[in-house]
Amino acid sequence: MVTRLTFAGVIARVFMWTFLLCLAVVVVYPLTWMVLNGFKTNAELFGNPFALPLQWGWENYSAAWNRGVSNYLTTSILVTVTSTIATVFISAWAAYGLARVEIPFSRTWATVILGGLMLAPTVALVPLVKMFQSMGLYNTFWALLILYTAFRIPFTTFLIRAYMIDLPREVDEAAEVDGASRWTAFWRIILPMCRPIIISVIILHILFAWNEYLFAMVFTSGTDVQTLPVGLTSLMSRHGTDYPVVFAGMVIAALPVVVLFFACQRYFVKGLADGIGK
Amino acid sequence: MLLTQQSELLDRVPAVQTAGPRPPRRSSRSTARRLLALGWILPAVVVLAVFVYLPLAQNLGFSTLEWDIYSGSQEFIGAENYQRLVADPIFWSSLWNNVLYAVVSLAFQVFGAIVLAAIIESIRQDRWRRGLRAIYFVPSAISLTVAGLLFYFIYEPNLGMLNHALEAVGLGAWAQPWLGQESTAMISIIAMSQWQGFGYSTLLFAVAIQRIPSELYEAAAIDGIGAVRRFFTITLPLVREMTGLMIIVTISGAFQVFNEVMVMTSGGPNNSTQVLGTWLYRNGFVRNDFGYAAAIATVIFVITLGIALVQLWINRRRRVEW
Chain Y
164 MVTRLTFAGV IARVFMWTFL LCLAVVVVYP LTWMVLNGFK TNAELFGNPF ALPLQWGWEN
224 YSAAWNRGVS NYLTTSILVT VTSTIATVFI SAWAAYGLAR VEIPFSRTWA TVILGGLMLA
284 PTVALVPLVK MFQSMGLYNT FWALLILYTA FRIPFTTFLI RAYMIDLPRE VDEAAEVDGA
344 SRWTAFWRII LPMCRPIIIS VIILHILFAW NEYLFAMVFT SGTDVQTLPV GLTSLMSRHG
404 TDYPVVFAGM VIAALPVVVL FFACQRYFVK GLADGIGK
Chain B
202 MLLTQQSELL DRVPAVQTAG PRPPRRSSRS TARRLLALGW ILPAVVVLAV FVYLPLAQNL
262 GFSTLEWDIY SGSQEFIGAE NYQRLVADPI FWSSLWNNVL YAVVSLAFQV FGAIVLAAII
322 ESIRQDRWRR GLRAIYFVPS AISLTVAGLL FYFIYEPNLG MLNHALEAVG LGAWAQPWLG
382 QESTAMISII AMSQWQGFGY STLLFAVAIQ RIPSELYEAA AIDGIGAVRR FFTITLPLVR
442 EMTGLMIIVT ISGAFQVFNE VMVMTSGGPN NSTQVLGTWL YRNGFVRNDF GYAAAIATVI
502 FVITLGIALV QLWINRRRRV EW
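Protein chains in written order, with this note's numbering: chain Y, 164 to 441; chain B, 202 to 523.
Keep in mind that the hints are not guaranteed to be accurate.
[What the hints assert, rightly or not] Which residues of chain Y face chain B? A few of them, derived with a C-beta cut under 10 Å, are: (1) L241; (2) P392; (3) F424.
[To be verified] Derived Cβ-Cβ restraints for the label pairs, each shown as a range: (4) A171(Y) <-> L439(B): 25 to 31 Å; (5) Q284(B) <-> R332(Y): 53 to 59 Å; (6) L506(B) <-> A171(Y): 45 to 51 Å; (7) L261(B) <-> N302(Y): 24 to 30 Å; (8) R332(Y) <-> N516(B): 20 to 26 Å; (9) L280(Y) <-> Q275(B): 29 to 35 Å; (10) V422(Y) <-> A250(B): 34 to 40 Å; (11) V191(Y) <-> L439(B): 50 to 56 Å; (12) G371(B) <-> L423(Y): 37 to 43 Å; (13) L439(B) <-> D329(Y): 18 to 24 Å; (14) K433(Y) <-> V287(B): 24 to 30 Å.
Worth flagging that the hints you see were computed from the coordinates, not collected in a lab. Where is the CB? At the ideal position from N, CA and C, for every residue including glycine.
Start from the sequences and build out the full structure, keeping to the hints where you can.
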């Protein structure tokens, strides 16, 4: 393709690139500021917020770590990993049942499962608190595991089901002819074929569980069961104006998902294209 | 054994797929077997029934109670909580804040994001295209809590970046306690939220644009059609489905806002940044007025369900059209 560069075209491109780069600065600069502040002393922070730190020490990071961040991190990892596994398995099972098995009243069941997509977690908050209190699960890790799984099943099932529907029907029939049970067909054939969408629902669930705030705040109160998002706000309120420590905690909380995103960007975009793009 | 079977199957698939009509489905399944098939969806249905649908139904019941959490006394008061709601000025200002949130988010995270995605996807250098997409997405990965805390500090009058930056460029007169005064607090929170969320929707639109067949753009280029017209005649119509989805997701998200408000202002100053979610939280979990909180929850339920049903209706109509 031959492009002729007209004067107006050049101006337009200059404008476009200026705009894109300005936007990138608007995004990156606050993040850089956050990381830099994690290295400063309180006096430096209040003295000149734009200056670079005088010394690059890790004191704030170790202080944050010792003041609860290590606990928050452990809880966050535990809740994220377990709820990801539970959500993806239950959803993949349901998606298989809805997409590839003849079940009685399948439309009704699909409505029941996918209809959950429309319901906001806020709406069930008050009864859920009562329920978890009476079950003795309030302020435990189990509360978050159950809630993160339950409220993400509709979305996860929706994405996996959309992918499974498009797999050729003959795959199941061939499996049946070869004597494979439904169970074997699911594990050995359908699930491996769904790998792209499974990877992206895993990433989406990790992003969700790592960052969720409402349930984590309402259902936990002790340092040992709080996740990072809630832990950070309590770090903030407990330590008054020791802000550099809070900044260090924020960096610790943000880093894992940012690294995860950059590592999986390719799969993530592909999975979104396959799943949501439909 | 199974592995070879599987690869054989995969090899066979394309040939079978293109060959002729589907074989008729066998209908001679025993009832027992069909009931057994329900086992696939059972875990999901049970979890959803107990932890999503049951609480939802209970919430409707709770909203008709006067419920003192300390004495444990519950009294049926019918629609009184709803009457209280209608007369509650903070409820209405919360609702208005949600609406404001929705409108601004539509402008930035739907219409802004389409334009931005189209610009990014028009870049020919692969590295720049991917790099910019990734950079813009980072705020969405760092979580609303971290972003909220970060902007709490940015808006902070003494050490905050914003006031210092304004002074540095000679606009010191504009410096103000952004989150500390009623007139600017809500819009400051909404602005943070746009910063945090636009990369995510831009990424989704970029994905949708990538799915547009490139022949269309090539044909347009041959015909000498300019970038702006290309955007309106090709890009915009062909990402219509994604646009519809994002409009609904954005609006319904705006009525569920909680995290950023809680982190940055907790609804203050003087309830000026209260949204439905935080007003529910405050009544239910700070004032222990569970019945009233349940009534607010019902309002959120009705609004978000209404938005979702509109989405379903539009989808269905569209299918018939095509």
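Exercise for the section: Of all the hints given earlier, name the ones this structure violates by number, lowest first. Expected result: 1, 11, 14
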